[in-house]
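Protein chains: 8
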Amino acid sequence: MNKADIRRLLQEVKNNEMEVEAAFQIISDLPYKDLGFAKIDNHREIRVGYPEVIYCEGKTVEQVKNIIEFMLTKENNILATRANEKMYEAVKAVCTEAKYNSLGRTITIRMREEVLTDSYIAIVAAGTSDMSVVEEAAETAILLGNRVEKIMDVGVAGIHRLFSKIDIIRGAKVVIVVAGMEGALASVIGGLVDKPVIAVPTSVGYGANFGGLAALLSMLNSCASGVTVVNIDNGFGAAYSASIINKL
Amino acid sequence: MNKADIRRLLQEVKNNEMEVEAAFQIISDLPYKDLGFAKIDNHREIRVGYPEVIYCEGKTVEQVKNIIEFMLTKENNILATRANEKMYEAVKAVCTEAKYNSLGRTITIRMREEVLTDSYIAIVAAGTSDMSVVEEAAETAILLGNRVEKIMDVGVAGIHRLFSKIDIIRGAKVVIVVAGMEGALASVIGGLVDKPVIAVPTSVGYGANFGGLAALLSMLNSCASGVTVVNIDNGFGAAYSASIINKL
Amino acid sequence: MNKADIRRLLQEVKNNEMEVEAAFQIISDLPYKDLGFAKIDNHREIRVGYPEVIYCEGKTVEQVKNIIEFMLTKENNILATRANEKMYEAVKAVCTEAKYNSLGRTITIRMREEVLTDSYIAIVAAGTSDMSVVEEAAETAILLGNRVEKIMDVGVAGIHRLFSKIDIIRGAKVVIVVAGMEGALASVIGGLVDKPVIAVPTSVGYGANFGGLAALLSMLNSCASGVTVVNIDNGFGAAYSASIINKL
Amino acid sequence: MNKADIRRLLQEVKNNEMEVEAAFQIISDLPYKDLGFAKIDNHREIRVGYPEVIYCEGKTVEQVKNIIEFMLTKENNILATRANEKMYEAVKAVCTEAKYNSLGRTITIRMREEVLTDSYIAIVAAGTSDMSVVEEAAETAILLGNRVEKIMDVGVAGIHRLFSKIDIIRGAKVVIVVAGMEGALASVIGGLVDKPVIAVPTSVGYGANFGGLAALLSMLNSCASGVTVVNIDNGFGAAYSASIINKL
Amino acid sequence: MNKADIRRLLQEVKNNEMEVEAAFQIISDLPYKDLGFAKIDNHREIRVGYPEVIYCEGKTVEQVKNIIEFMLTKENNILATRANEKMYEAVKAVCTEAKYNSLGRTITIRMREEVLTDSYIAIVAAGTSDMSVVEEAAETAILLGNRVEKIMDVGVAGIHRLFSKIDIIRGAKVVIVVAGMEGALASVIGGLVDKPVIAVPTSVGYGANFGGLAALLSMLNSCASGVTVVNIDNGFGAAYSASIINKL
Amino acid sequence: MNKADIRRLLQEVKNNEMEVEAAFQIISDLPYKDLGFAKIDNHREIRVGYPEVIYCEGKTVEQVKNIIEFMLTKENNILATRANEKMYEAVKAVCTEAKYNSLGRTITIRMREEVLTDSYIAIVAAGTSDMSVVEEAAETAILLGNRVEKIMDVGVAGIHRLFSKIDIIRGAKVVIVVAGMEGALASVIGGLVDKPVIAVPTSVGYGANFGGLAALLSMLNSCASGVTVVNIDNGFGAAYSASIINKL
Amino acid sequence: MNKADIRRLLQEVKNNEMEVEAAFQIISDLPYKDLGFAKIDNHREIRVGYPEVIYCEGKTVEQVKNIIEFMLTKENNILATRANEKMYEAVKAVCTEAKYNSLGRTITIRMREEVLTDSYIAIVAAGTSDMSVVEEAAETAILLGNRVEKIMDVGVAGIHRLFSKIDIIRGAKVVIVVAGMEGALASVIGGLVDKPVIAVPTSVGYGANFGGLAALLSMLNSCASGVTVVNIDNGFGAAYSASIINKL
Amino acid sequence: MNKADIRRLLQEVKNNEMEVEAAFQIISDLPYKDLGFAKIDNHREIRVGYPEVIYCEGKTVEQVKNIIEFMLTKENNILATRANEKMYEAVKAVCTEAKYNSLGRTITIRMREEVLTDSYIAIVAAGTSDMSVVEEAAETAILLGNRVEKIMDVGVAGIHRLFSKIDIIRGAKVVIVVAGMEGALASVIGGLVDKPVIAVPTSVGYGANFGGLAALLSMLNSCASGVTVVNIDNGFGAAYSASIINKL
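Residue numbers (my numbering), protein chains in the order written: chain G, 1 to 248; chain S, 1 to 248; chain P, 1 to 248; chain L, 1 to 248; chain X, 1 to 248; chain D, 1 to 248; chain C, 1 to 248; chain A, 1 to 248.
Treat the hints loosely; a few may be bogus.
Straight-line Cα separation of at most 27 Å, DSS-like style, residue types lysine-lysine; simulated pairs [stated by the list, open to error]:
{"hint": "1", "chain 1": "L", "residue 1": "Lys74", "chain 2": "A", "residue 2": "Lys165"}
{"hint": "2", "chain 1": "P", "residue 1": "Lys165", "chain 2": "D", "residue 2": "Lys74"}
{"hint": "3", "chain 1": "C", "residue 1": "Lys150", "chain 2": "A", "residue 2": "Lys247"}
{"hint": "4", "chain 1": "P", "residue 1": "Lys92", "chain 2": "P", "residue 2": "Lys74"}
{"hint": "5", "chain 1": "P", "residue 1": "Lys74", "chain 2": "L", "residue 2": "Lys165"}
{"hint": "6", "chain 1": "S", "residue 1": "Lys247", "chain 2": "P", "residue 2": "Lys165"}
{"hint": "7", "chain 1": "D", "residue 1": "Lys14", "chain 2": "S", "residue 2": "Lys14"}
{"hint": "8", "chain 1": "A", "residue 1": "Lys247", "chain 2": "C", "residue 2": "Lys165"}
{"hint": "9", "chain 1": "P", "residue 1": "Lys150", "chain 2": "S", "residue 2": "Lys247"}
{"hint": "10", "chain 1": "P", "residue 1": "Lys165", "chain 2": "D", "residue 2": "Lys99"}
{"hint": "11", "chain 1": "D", "residue 1": "Lys86", "chain 2": "A", "residue 2": "Lys86"}
{"hint": "12", "chain 1": "G", "residue 1": "Lys150", "chain 2": "L", "residue 2": "Lys247"}
{"hint": "13", "chain 1": "L", "residue 1": "Lys65", "chain 2": "A", "residue 2": "Lys150"}
{"hint": "14", "chain 1": "X", "residue 1": "Lys86", "chain 2": "S", "residue 2": "Lys86"}
{"hint": "15", "chain 1": "S", "residue 1": "Lys86", "chain 2": "S", "residue 2": "Lys74"}
What the hints contain is simulated information worked out from the structure, not anything from laboratory work.
With the hints as constraints, model all of the structure from the sequences given.
Structure representation (structure tokens):
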């Protein structure tokens, strides 16, 4: 509902083309579906360009299933993150097309075929242990319609591995860097590319890593410009922002 | 025992209407029941207006049962928080009226029917995942005799959902805002209502959420005035304070 | 602008009592004054019951003076917090009625005489060193139209001092507890009164106090129910919330 | 020096069009200027698209002046951040075109006129106190060739101020949100726009704000998708990333 | 080996009453028993007044059993803390007199009857949930030969319960205060008694309690003088220090 | 006022030896002097054995002077801690006997000559930089009537310096260990003596010392038993507790 | 590939001894083996002197097995750290020579017999509970070809145990100190030896130990010079650095 | 005093070549000079290989001067760190050879000419702002007799600058890496050299750098092996350890 909409509406009321009560409903009835325990934001795709994504952590299996059942009545593709096996089984029972990525912990349902972008998002990871975050990011990016290139295990301890892949990284429109431990990969890549870099600290590591805090602080303090940061292990968030940028 | 009581007592002693020893007992016998491992504060209702509530965390099933058995000898309604299923079963065995809210983890026993207040407490939650804190708050508020309105899943990521419910929130005498992640809902509501807002940060979230710390700090730093804060996940505490205010 | 307002507006448009453009202006022109560097929220008093308060920290002397000059064109009383001497002098130059509380660091301007409430807010402080927070709270509460009782230096290290004042504390409609160091005073008072307690941790202390963190955590974890907390040293916020409650 | 360059170079050596030693120099002489205490990265514009920016914190006045003197020998525009008055005076002495933004603490020198982008970066700030970060961001963005729109003082405590400016925010290609205290503005805007949002937490606030930590954690935990975060008070970094995105 | 010992030894060597090698052995043979994975400090009782206590956390069942088996060859009483059921069973198998306190997680073996001190240690606890720490402290204090008085569940939320027990607390030679949550009990008792107070913060609580940190900071910042603090949940350490003081 | 006092009072009322109003005054008039901004706890010496000490931090020069002026009307010795030069000059003006220890930042006034204890408190410090804490502790201990032995600069980096002084440390009735940096001295001494050890972490150090946190955590986690801890830089608190113990 | 290599290569191209494409391959083909989920750094031994070590945490059993299977095709000795029993069984199935140290959680495979160094690394541990870190360090050091001496349970609480072993510690070329709790052992040894000391804080302890943070900060703040620190529980890292030094 | 010394001493006593009292003095007189406020560890050079270094922070000008005056009576070179200008002037007055490095804040006095080592220590710094730590490290290393190579401003944001200097870094016997912000340089160098790397985090940076914490955690979590860490800004400590290693 932008300004033009309001003007048109008012004009229709003035022209007696619309009743006061109907106009009131349109203004006050905000476009979401209330499931009692959740309010599904149908309006979201119009407002921010993407359908709502289901964050499963802290929800019951029943709740996840119910939300997806409702969403299936729309023609949108569906993404659920941080989903466990049980949630997947419950969803599978109501929608056989549902796919589960056990490493990335995502459920995806494709209701319509999406043409992927020409430009691609590079997802670069420091170590094999960062793989689950990479998978969450990749599933998200692809479902949102982006071409993706994954570059695994190019941490700075053996920096020649990174350099051998630098062309494919530089070719991306936006780069996601996934790294745990000290997260130095984000700074090194930030200094080598002229594209936006989105850094995802992971909780990989131990001791003074403090569950990803070391990598998070490292990335926030990157000496390389052009690096922005999302929450620890937030592969979804990085991919979502990357997708917005990739489609600009 | 206020000043008037002391004066009257002394007068009775002077008038020989009371023996020194009896007066001494009244002064020194403080009104609690000693169960050995716990001292139940009978005097509490007179002093602060509400009966003692049982915080079950860290207590054994046996201890919870024993405390409730003693309390059943009084005519008060009973509330136990952070109770698990096993505690409920033990209590159920000695009091069939006991009810368990598995989401809110509360045991409630209604010994007398309470007339609810006309004014109500609004409990507003950002997401479905905050539901267990909402339930603890709601059970507490109702048992303490308050009318309650719950408004679920109105987090700021889709702020129109909040605006559609703003009248019911504004109609409350006191508002409890329950939110995890960044807890922004408290500030937004604080800027929209002219009632006391009690914010409950929840431990919902991950990574740099640090078990609710992000929401807690966010709420303590709210740019909106009129917001006070309780401990992370402390639905009980918020409801207790809200009840005091609602009944002023 | 509540629902009734919108309905009436639409009816007027329908009745041709109002032009579309005029209706559009009313809906879209939100009621604030734009000073370029600041947007003064005129609408605030209608919405949340109090005029906007000027938080001076991080503002220039010039900005503070300009904001107050604008506000003087309205008939509201004015409160500026965290103001330094220089700001006061600049304000004094444009408004001789301005008063400065150097301990509380507040500038107050009384444009109309306020009748104070019958019920009062008790502001209870643990130590003499907490005085500046007490003063900020008291200036705020009084300017907002509340009767205030201050009880100083009743920290728990000499708890009989507190007990000698307990009647005046219990007589309040709402109690503000100001304490630094370990902040134990909030819990003790919380266990003694049946009124809402708003706790203000102060940065008074040293070493493992960590700038008020010790008192903050202490108050958030209070074993006494009925205690809510505001930010460290936030006397203004406590008084603001207390005022809302006192006027319910 | 990309792969094609290396191949061409090798071919020239093979064709005897270039001597081994000359080829060696080209490969091994990396393109930076060594000033002893600093190595100026001339190659940077080719590699990441922008000239090196001088971060003045921790450098002496003499060092800043020397670096800028060297850079003046190139035709690039020059930006120095976190510069104090003394540094500016020293630079002014060697380059009269130097401009100083005392709020944003930047020195800028325009050596060639830049055509600004059609699309613009919106810089949205919660409060007047966040202005110095806004200025650093704006100076950076403009020097890097971007059109900028500043929207000041639209914090969530009076959310209608934000809504009145939502069209200008939505019209941007990328949005920078600057906020201190609880930083809720980032989440609210993140839920309202379909553009990349870069959040800058500021150190504005006190007590449990912990120098910007509250806003930082808040923004990292944003419930709205599409929000990435830079370091506390890092207006430069946000503008740098925004510029990359704006020019995609 | 004090100075007198060294002088006597040297005199004996001079007098040819002792051989050089024998003297060397006495000087260099330090008095501990090496079990390979552990060095048992036999000398400890002479040096610091108490036998070594076995801290079982992080040790295997086998190691605990072996250490105790060795210690049984001496006539000392034996105390093992943080022991689990399995460790107890293994010890029971080699020493039937071993006793297990499952709440306090201690194994005790009494090899000789100890006459308890006349003066006593008061162990005062805020809540029932603090009981396991109380038990560890009590078992330790008694085994080290002290008379103990336990006062349970006298937290400050119902401070009259504390006052009813104040005489027994004041009668102690040293007072141990065990409290979780905000730990205010330590300050209140510190202000009421003229004896050394040793405060033990417990990890009882949730949310912003951060595993006992809130109580720890609270106790370290106690506004009452005469309070010293031990590690979170360290009932053993408190009792050990209290025992030293009680026996002075 | 103990139980016997109350009984006697009541008996006197009964015997008409005392009027009701007089008895009421005695019961309700708690023994402190109200200076408005401070309540001086006259009763304190009777209750906890020592007169009140003035903590000057956060007080004005005027307030410190006024409190001391009042206290001079009593015959007690006076101690003010964390006092600056200006406070001393103000006090000196009203009491020429006042002495200032500029390193320890204490003002002391001796109104009556105290006989020092036979047993002594050993104050052991790791480095020369810990001296100000040592001085605060020593001034406190001596004013409270204790004999004191200071052992400076015996940190564990050159542990033979400690061993050369071990006899004088072992000869004390109670040992205060003052150390910054890693605070290892407390553990080493704790393992060598059979007396109560009170550890004072100091803020001496830099970087990851975090204002004394490193030493504080180190001392709380001491592997040696018999060590209790006070707040960072709290020489006064350590000496106060040591004095209680030394006089048992 | 050092400068000489590049020169020679270019000369060969010039001399037509090598084709342009072949030279290009040599320059661009960096020496690692890509397994898809991991890039094994074959070049590492040439570059940093040791083969790559497999860090198993966060890897699947399948991944660990595959990496080791590939490495078995080389003649290097193999070390896998943080390996669990299941990983060992999978590796055992493909290589019967594999050995598992269940305390140290290492898998080692010896493909060629290594002559150990004459000089040795001393691994000194404070307590029996630090044993798993000691084992990880010892397995690493030995596999890397170093002679090792382990000295267990010489924590500072009974410092004579340490002194009895001081000669063997001083005889080492480099000393690893493993300690939890307050980690004081590192400082004491640092003050007694003239060899490099590498300190490993362990997560042994509880309460305010915060998972090894206390020992970590303690070691970083060591008052003894010559002490450097690795991550909490990082026995591998300490041994790796020690090995480099031991072989200098 | 090693075992052989003790044996010889005892033999001399036995042979009547030494009196008991004289032998006693030798054993008990530990070799330090007591200045009252400081105990100068003369024995240190024999024990750990280097003379004591004066850490000036927290010492008075007078104390620093007195310590150095005493040390001048020995023939050792003298190093004082964290010294300010005033200390230098005071020292200069008693020793004209004293030199001051104002960036590194060191005072050095060369009493005898030292032959520098053949092998060298490389000190590599990320940025110009890290220069003061580099200077402290260099002054220390040189005074301790080491050849030093400084490589400035090779942070990872322009990694080609580092690669151009890699040969000089690889040529060192030990490498010190000095970096603030995210400290990634330590990991990158750790992956490129086969020498011990000592990482020094600096407090350079702002916001979520938290005074060097970001770089410290980053370095402790380095994914490259062979990296050990010293305290934030501790250039002295890094150089001291590097010197021990360089001279092995």
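Structure-based check of all given hints:
For a cut-off of 27 Å, the pair hint linking Lys74 of chain L to Lys165 of chain A stands: about 25 Å separates their Cα positions. Proximity of Lys165 of chain P to Lys74 of chain D is assessed by CA-CA distance (about 25 Å); at most 27 Å being required, the pair is judged to hold. For a cut-off of 27 Å, the pair hint linking Lys150 of chain C to Lys247 of chain A stands: about 25 Å separates their Cα positions. At most 27 Å may separate the alpha-carbon atoms for a hinted pair to count; Lys92 of chain P and Lys74 of chain P meet this at roughly 17 Å.
Of the supplied pair hints, the one linking Lys74 of chain P and Lys165 of chain L holds, its CA atoms being roughly 25 Å apart against a limit of 27 Å. Of the supplied pair hints, the one linking Lys247 of chain S and Lys165 of chain P holds, its CA atoms being roughly 25 Å apart against a limit of 27 Å. Simply put, Lys14 of chain D and Lys14 of chain S have alpha-carbon atoms about 4 Å apart, close enough for the 27 Å limit, and the pair holds. Using a Cα cut-off of 27 Å, the hinted pair Lys247 of chain A and Lys165 of chain C holds, with the two alpha carbons roughly 25 Å apart.
Note on Lys150 of chain P and Lys247 of chain S: the hinted pairing holds, with a Cα-Cα distance of about 25 Å set against a maximum of 27 Å. Between the alpha carbons of Lys165 of chain P and Lys99 of chain D the distance comes to roughly 36 Å, so the proposed pair goes past 27 Å and is violated. For the hint linking Lys86 of chain D to Lys86 of chain A, the alpha-carbon distance of about 25 Å falls within 27 Å, and the restraint holds. Our distance criterion of 27 Å between C-alpha atoms is met by Lys150 of chain G and Lys247 of chain L, whose separation comes to about 25 Å.
Annotation: proposed proximity of Lys65 of chain L to Lys150 of chain A holds, straight-line Cα distance about 23 Å (limit 27 Å). Between Lys86 of chain X and Lys86 of chain S the alpha-carbon distance is near 25 Å, which keeps this suggested pair within the 27 Å criterion. Taking the CA atoms of Lys86 of chain S and Lys74 of chain S, the gap is about 24 Å. The hint holds against a cut of 27 Å.
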